[in-house]
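Each residue of the sequence shown is one higher than the one before, counting from 1 in UniProt numbering.
The set of hints was computed from the structure by calculation and includes no laboratory data.
Misleading hints may appear alongside valid ones.
[To be verified] Below, in silico cross-link-like pairs of lysine-lysine (DSS-like), each with a Cα-Cα straight-line distance of 27 Å or less:
{"id": "1", "residue 1": "Lys-189", "residue 2": "Lys-76"}
{"id": "2", "residue 1": "Lys-186", "residue 2": "Lys-76"}
{"id": "3", "residue 1": "Lys-48", "residue 2": "Lys-186"}
[To be verified] Ranges between beta-carbon positions, derived for each pair:
{"id": "4", "residue 1": "Arg-11", "residue 2": "Asp-41", "range": "41 to 51 Å"}
{"id": "5", "residue 1": "Ser-45", "residue 2": "Met-75", "range": "14 to 24 Å"}
{"id": "6", "residue 1": "Leu-72", "residue 2": "Phe-142", "range": "30 to 40 Å"}
Heads up, the beta-carbon is just placed ideally off N, CA and C, and yes, glycines get one too.
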Amino acid sequence: MKNKQAELIGRLSNRELHMQLFFTQILLLVISVILGFWLFDDFSSFTKIFHSEWKIIYIGVSAGLIVVLFDLVLMKLLPESYYNDGGINERIFTSLSYPMVAVVASMVAVSEELLFRGVLQTHIGLLWTSVLFALVHYRYLFHPFLFVNIIVVSFFIGFIFEMTGNLYVTISMHFTIDFILGLIIKVKKGKNLDRKREDR
Numbered sequence: 001m002k003n004k005q006a007e008l009i010g011r012l013s014n015r016e017l018h019m020q021l022f023f024t025q026i027l028l029l030v031i032s033v034i035l036g037f038w039l040f041d042d043f044s045s046f047t048k049i050f051h052s053e054w055k056i057i058y059i060g061v062s063a064g065l066i067v068v069l070f071d072l073v074l075m076k077l078l079p080e081s082y083y084n085d086g087g088i089n090e091r092i093f094t095s096l097s098y099p100m101v102a103v104v105a106s107m108v109a110v111s112e113e114l115l116f117r118g119v120l121q122t123h124i125g126l127l128w129t130s131v132l133f134a135l136v137h138y139r140y141l142f143h144p145f146l147f148v149n150i151i152v153v154s155f156f157i158g159f160i161f162e163m164t165g166n167l168y169v170t171i172s173m174h175f176t177i178d179f180i181l182g183l184i185i186k187v188k189k190g191k192n193l194d195r196k197r198e199d200r
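Hey, can you work out the whole structure from these sequences and the hints?
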């Protein structure tokens, strides 16, 4: 199954891969709106999770940096194969410009946090939301370490949401994680390409 998935992804051009990513995020937003209308009593009960206390966003950024640092330590300690998702993240981020890395990280953070923390966690709780979050990241199902990793990260983001009750905090946390790791992937790939050119 893992090989079939890698083969299917390998057939997609970078543009098609980006389109799949954008389509997925739009789909998550649509699902959020539909479930939001169905699960919340009224619009005001939904908007309560958006607090304009911008000063506490530092909690989200700080928590995001903790996740990134922890991930970087694990990347140094564990075999490279543990983090191999079939090259999807590498293809997505290395083919984007630096501003577009920020755009993609923002889009993913908003759509996923709106659905998983804003709509689902407020109704089905932290544990089930974390499991669903991991299942939606389908490609990680075939990589035990990445699957456990995404559940733990989702649980941590959900815990931060439980503590603050503020969706802006978890959006900023999610953005920080994706943006910094996306930049690291892009820079690392660029250095590898430079080394290959020097070796020729």
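Cβ distance range 14 to 24 Å for Ser-45 and Met-75, holds or violated: violated (41 Å)
Straight-line alpha-carbon gap Lys-48 to Lys-186, limit 27 Å: violated (37 Å)
27 Å Cα cutoff - pair Lys-186, Lys-76: holds (17 Å)
Given hint Lys-76 paired with Lys-189 - CA-CA distance at most 27 Å: holds (16 Å)
Range hint compliance [Cβ, Leu-72 to Phe-142, 30 to 40 Å]: violated (24 Å)
Hint check for Asp-41 and Arg-11 - Cβ pair distance inside 41 to 51 Å: holds (46 Å)
Comparing the model with each numbered hint stated earlier shows that hints 3, 5, 6 do not hold.
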